[in-house]
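Taken in sequence, the protein lines are chains C and L.
Position 280 (the first sequence) corresponds to 283 in my numbering; numbering is contiguous.
Position 21 (the second sequence) corresponds to 146 in my numbering; numbering is contiguous.
Just so you know, these hints were derived from the structure itself, not from any lab.
Some hints could be false.
Stated by the list, open to error - Quick list of the computed label-pair ranges, beta carbon to beta carbon: (1) L/R382 x C/L708: 22 to 30 angstroms; (2) C/R726 x L/Q351: 21 to 29 angstroms; (3) C/E58 x L/Q351: 18 to 26 angstroms; (4) L/R383 x C/R32: 37 to 45 angstroms; (5) C/E58 x L/R383: 28 to 36 angstroms; (6) L/P403 x C/R32: 35 to 43 angstroms; (7) L/R382 x C/R51: 54 to 62 angstroms; (8) C/R32 x L/R328: 56 to 64 angstroms; (9) L/Q390 x C/R32: 44 to 52 angstroms; (10) L/Q297 x C/R51: 38 to 46 angstroms; (11) L/Q390 x C/T725: 15 to 23 angstroms; (12) C/E58 x L/R328: 46 to 54 angstroms; (13) L/P403 x C/Q35: 24 to 32 angstroms.
Stated by the list, open to error - Chain C side only, calculated, beta carbon under 10 angstroms to chain L, not exhaustive: (14) I26; (15) S30; (16) R31; (17) R33; (18) Q35; (19) V36; (20) E58; (21) P631; (22) D635.
Stated by the list, open to error - Stretches of chain L that chain C covers, calculated by requiring three or more beta carbons in the stretch to come under 8 angstroms of a beta carbon on chain C: (23) 170-180; (24) 265-275; (25) 285-292; (26) 353-367.
Since the model is a prediction, treat every value here as computed from it, not as a measurement.
Note that CB positions come from ideal geometry on N, CA and C, so glycine has one too.
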Amino acid sequence: MPLGFLHAAMLFGLITVLIPPIIHFLSRRRYQVVDWGAMQFLRLSDRRRQRVAFEDWLLMLLRMALLAVIVLLLAAPFISHSALARWSGRGPRDVVILIDGSYSMGFRRDDQSAHDRALNQVRRLVQELRPGDGVAILQAKRHIVPIVPSLSTDLSKALTALEAIPAPSGSVDWPHAIQTAADILAQGQRAERDIIILSDGQRYSWADDSTLLRWELLAPRFSQQATSPRIWYANVDADRPADVTNDSLQPIRTNRPVAAVNREVTFRATVTRHGGKGDRAARQIRVKVDGRPAGEIALPALGDDREQIPISFTHRFATPGSHLVTLTLDDDPLPGDNQQHFAIEVVRALPVLLVDGDERPNPPTRGSDFLRDALAPRRDPNPALLVRVIPITAFDESYLNRDLSDEPGTVPRVVVLCNVAQLSAHQQEAIERYLAERSGVFVTCGSRTDAAFFNDQMFRNAQGWLPARLVETAGDEDDLPRASRPVPASFFHPAVEIFRDVGIGGLADALFPKYWRLSITGTNSSVPIAMLTGGDPFLVEKPYQSGRVILSAVPLDGSWRSNLTELPAFVPLVHEVIFYLAGGRAGERNLSPGQPLRFQPLHDSPWGELRLRRPDGIESVLPVENWPFVYDDTHEPGVYIVFDRRDNPTYFVVPTDSRESQLAPMSDEDRSKVAKWLPQIRYVTDIQDLVAGLMERTHNVELWLPALLLACALVFAEVAFTRRLAQRRAV
Amino acid sequence: MNFDPSELRKYGGLTMVARTLVEGFLTGVHKSPYKGFSVEFAEHRQYYPGDEIRHVDWRVYGKTDRYYVKEYEEETNLKAYLLIDASGSMAYRGDHPSKFQYAQYVAASLAYLMLHQRDAVGLIIHDTQLRQMLPARANTKHLLRLIRTLENTQPGGETALAPLWHDLAGHQFRRRGMVVILSDCFDDLDRLLKALRHFRHRRHEVILFHVLAPEEIEFPFQRLTQFRSLEQSRDRLLVDPYRIRREYLERFEEFCRRLREGAGQMQIDYHRMCTNEPVERALGIYLSRRQRPR
Numbered sequence: 004m005p006l007g008f009l010h011a012a013m014l015f016g017l018i019t020v021l022i023p024p025i026i027h028f029l030s031r032r033r034y035q036v037v038d039w040g041a042m043q044f045l046r047l048s049d050r051r052r053q054r055v056a057f058e059d060w061l062l063m064l065l066r067m068a069l070l071a072v073i074v075l076l077l078a079a080p081f082i083s084h085s086a087l088a089r090w091s092g093r094g095p096r097d098v099v100i101l102i103d104g105s106y107s108m109g110f111r112r113d114d115q116s117a118h119d120r121a122l123n124q125v126r127r128l129v130q131e132l133r134p135g136d137g138v139a140i141l142q143a144k145r146h147i148v149p150i151v152p153s154l155s156t157d158l159s160k161a162l163t164a165l166e167a168i169p170a171p172s173g174s175v176d177w178p179h180a181i182q183t184a185a186d187i188l189a190q191g192q193r194a195e196r197d198i199i200i201l202s203d204g205q206r207y208s209w210a211d212d213s214t215l216l217r218w219e220l221l222a223p224r225f226s227q228q229a230t231s232p233r234i235w236y237a238n239v240d241a242d243r244p245a246d247v248t249n250d251s252l253q254p255i256r257t258n259r260p261v262a263a264v265n266r267e268v269t270f271r272a273t274v275t276r277h278g279g280k281g282d283r284a285a286r287q288i289r290v291k292v293d294g295r296p297a298g299e300i301a302l303p304a305l306g307d308d309r310e311q312i313p314i315s316f317t318h319r320f321a322t323p324g325s326h327l328v329t330l331t332l333d334d335d336p337l338p339g340d341n342q343q344h345f346a347i348e349v350v351r352a353l354p355v356l357l358v359d360g361d362e363r364p365n366p367p368t369r370g371s372d373f374l375r376d377a378l379a380p381r382r383d384p385n386p387a388l389l390v391r392v393i394p395i396t397a398f399d400e401s402y403l404n405r406d407l408s409d410e411p412g413t414v415p416r417v418v419v420l421c422n423v424a425q426l427s428a429h430q431q432e433a434i435e436r437y438l439a440e441r442s443g444v445f446v447t448c449g450s451r452t453d454a455a456f457f458n459d460q461m462f463r464n465a466q467g468w469l470p471a472r473l474v475e476t477a478g479d480e481d482d483l484p485r486a487s488r489p490v491p492a493s494f495f496h497p498a499v500e501i502f503r504d505v506g507i508g509g510l511a512d513a514l515f516p517k518y519w520r521l522s523i524t525g526t527n528s529s530v531p532i533a534m535l536t537g538g539d540p541f542l543v544e545k546p547y548q549s550g551r552v553i554l555s556a557v558p559l560d561g562s563w564r565s566n567l568t569e570l571p572a573f574v575p576l577v578h579e580v581i582f583y584l585a586g587g588r589a590g591e592r593n594l595s596p597g598q599p600l601r602f603q604p605l606h607d608s609p610w611g612e613l614r615l616r617r618p619d620g621i622e623s624v625l626p627v628e629n630w631p632f633v634y635d636d637t638h639e640p641g642v643y644i645v646f647d648r649r650d651n652p653t654y655f656v657v658p659t660d661s662r663e664s665q666l667a668p669m670s671d672e673d674r675s676k677v678a679k680w681l682p683q684i685r686y687v688t689d690i691q692d693l694v695a696g697l698m699e700r701t702h703n704v705e706l707w708l709p710a711l712l713l714a715c716a717l718v719f720a721e722v723a724f725t726r727r728l729a730q731r732r733a734v
Numbered sequence: 126m127n128f129d130p131s132e133l134r135k136y137g138g139l140t141m142v143a144r145t146l147v148e149g150f151l152t153g154v155h156k157s158p159y160k161g162f163s164v165e166f167a168e169h170r171q172y173y174p175g176d177e178i179r180h181v182d183w184r185v186y187g188k189t190d191r192y193y194v195k196e197y198e199e200e201t202n203l204k205a206y207l208l209i210d211a212s213g214s215m216a217y218r219g220d221h222p223s224k225f226q227y228a229q230y231v232a233a234s235l236a237y238l239m240l241h242q243r244d245a246v247g248l249i250i251h252d253t254q255l256r257q258m259l260p261a262r263a264n265t266k267h268l269l270r271l272i273r274t275l276e277n278t279q280p281g282g283e284t285a286l287a288p289l290w291h292d293l294a295g296h297q298f299r300r301r302g303m304v305v306i307l308s309d310c311f312d313d314l315d316r317l318l319k320a321l322r323h324f325r326h327r328r329h330e331v332i333l334f335h336v337l338a339p340e341e342i343e344f345p346f347q348r349l350t351q352f353r354s355l356e357q358s359r360d361r362l363l364v365d366p367y368r369i370r371r372e373y374l375e376r377f378e379e380f381c382r383r384l385r386e387g388a389g390q391m392q393i394d395y396h397r398m399c400t401n402e403p404v405e406r407a408l409g410i411y412l413s414r415r416q417r418p419r
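Modelling step: build the complete structure from the supplied sequences, incorporating the hints.
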């Protein structure tokens, strides 16, 4: 008959039983001294002395026992044994109900979603509970949405709170939800504890490999608890077909996370077709930009199962600012995966700072002129990029923090170091701080480049921000026949993937008779994004802190007899590379669930308040104490809109986890895998079985009443005994 | 307000204490019932009708033309011994003078009074052993010796009164007289009573002043207390006074009751003297005893 404690940590309080003996022995050390004559009357008889000692010890033991029983009472003791069920009856219990809040619960069948079924069953369960039972109700998503956040005995209030439950969205983190439920139960006072999960039997997020690993990590915590709660998994949509037909829209991608006004931007997405045999009807995808229709994409009627259908569309944004692109698929039984959003920043012209390695203040021509003309041709009245060229000697940190033109918001997004020899210590520190702010740096190597300096100060054995080590110059600029060329087969990177198609004047036609041989040996994060025919890298990328750096093995300035600057591919190449580097900041707009939202107004704005609209449509006015404004409750997928003082919207998107669309149910093998780590789990498909299980006679009998009676008896005994001694003294 | 002899002692020693106490006491009594007509002239006083004619001093009448009566001190052959217990236990002092100091005041006052009465007074100071002994004398110079002896004695040593008292009764006090005992009597009670019986056997008048401190009678201690014996330095007892008070008081009262009853059976005047009581009480007791026909 094992004895357990609901709050075992309270047992540390047993140390208080030492208080009476400590007080006793301390008081024995503090006494007054009296020189006395009548000693013969102080000498008690042996019997009397024994009695006094016995009374002393008895009183001390009474007090120790009283403290011990109070501590035990606080630790909530119980005994559990199957034999106790015969006479114990169905004791009071604490129940935490977890309702699956992932969007798979929105799957509709027979005009009712799994979410609706779950709510009906929760209402029935709450009605089956008895007065005195404690209940908490949580909606399980990636985070926990509290409905009845702590154990409450007010069952009608719990039912009322259920009406305000949010619609299912996003995915669910079951181990986190169960841990939260166990934590709530640990606060309760009942020995009988149940966690009831109402879900749709989906394998994903319950028994997939990643979740199984987390169950394994969670299991020891449960085994350490004295009263591990029973876990019930009720499949509220047990009759759902195993092979459900469903189309799922995957997150939107683009080659230009930052776009220029009136420039074409290509968006890509994928539709994944789950389940179903045979042909499917053609479907439409509606495109919206900033909530206004911007076209439709027809999805072909295909017969293959589980096909990935790539889609793409282009758009030109007429105005600068924050824009929202939304793709919506026709309605189907699972609406949660029919929509994806993408937040894009559109600028009038992307500000770029070219730092030329030529130290002369005003030379007639510069090597960087090629890049300047490619990025912002002088004849173009509305160039996509705003370029400013400065010599290396003039470059300091102030250029990285101030606008390149009179227009606000033109702080350089990318810095290009064109064939510079060295950087001063201040310049290097400025670049490092610049990269920490999600900016981009493009470095081209040429005749001026001081390899030893680059390797020692900027590469620093792969610890610095330079992506690769400069080994030596390779080739001979007079030996054109043996010049290296870029290898199109290596162009998988977003910045160069458009050059994979080999055409006349394409990047594959570029000749590099001489180039810097780059080595990425010893580096973990550097990736060659384009290779040369000799096997050496052409472009190497390294993410550094929050920014991106691309290193070019050639100067891109027409020197070394390369023909690249004469090819039609040159302008697209530098545009792609520069826009890719500028896209580091796009991660600020398209967030992962839980990633804090950071908002910095374009114009200087006083602190105060700003308005935020959440995906659920709730708007709130939030105080701003300093910029950037940070909001971290971004667990809910969807669109977050921040309105500045002029009511200009800035969009932030938390994409929907499309894996939740995998509606495949868990198998018996999956159940046994989970049961290995959660042996106390019981699966039910009929709510009646769950109700019957909850009504089972209890095996755990709480001992608070006997402990309380014992404590009262000890208090009474202590008081009576002390009173008796006091009366005897009063004689 | 009680007169505190210890205050007076600061200024004039035990002699001053004794004289002040006794004269104050006698002033209160006003007329000594013991003034008689004997051989030794004491004083003249005015004649009142009823006085015997033969006591009128005619010589004075001749000179002053007034009737004066001659008074004479009564002669006595009473020998009184003051037995003072100077054992360690007599050194106990609570909020009042120690028992020994109190005994000193009583003894000095009695000696003063006795000598004033023309009684011969002897002094024995003892603990287990005889420490000081002054034979009984009746002259006034003897008072000075008595008081000096009292002043120069400090209490100490163990209490074993009975053997010494036996010795005194058997060998020292040969002539019948009065024995005034000042002691806390903290000794074996049976042996003590037997020794007192020895005094009575020798036909001595015995007044037993049982000198006690109020703390010994009431046992008012509340905190945990270590009682250290005044007689044996190693004898220590750490007790919770609350826990033993009842038994202490029972035993103490039983001791006092047996002592009182034992003394009563032997026709010994037993008087419990508490150190917070006025010393004059002892003088009254003595005088009433002295007045009683022997």
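Practice task
Output the numbers, in ascending order, of every earlier hint that fails for this structure.
Solution key: 1, 7, 11, 14, 21, 22, 23, 24 and 25
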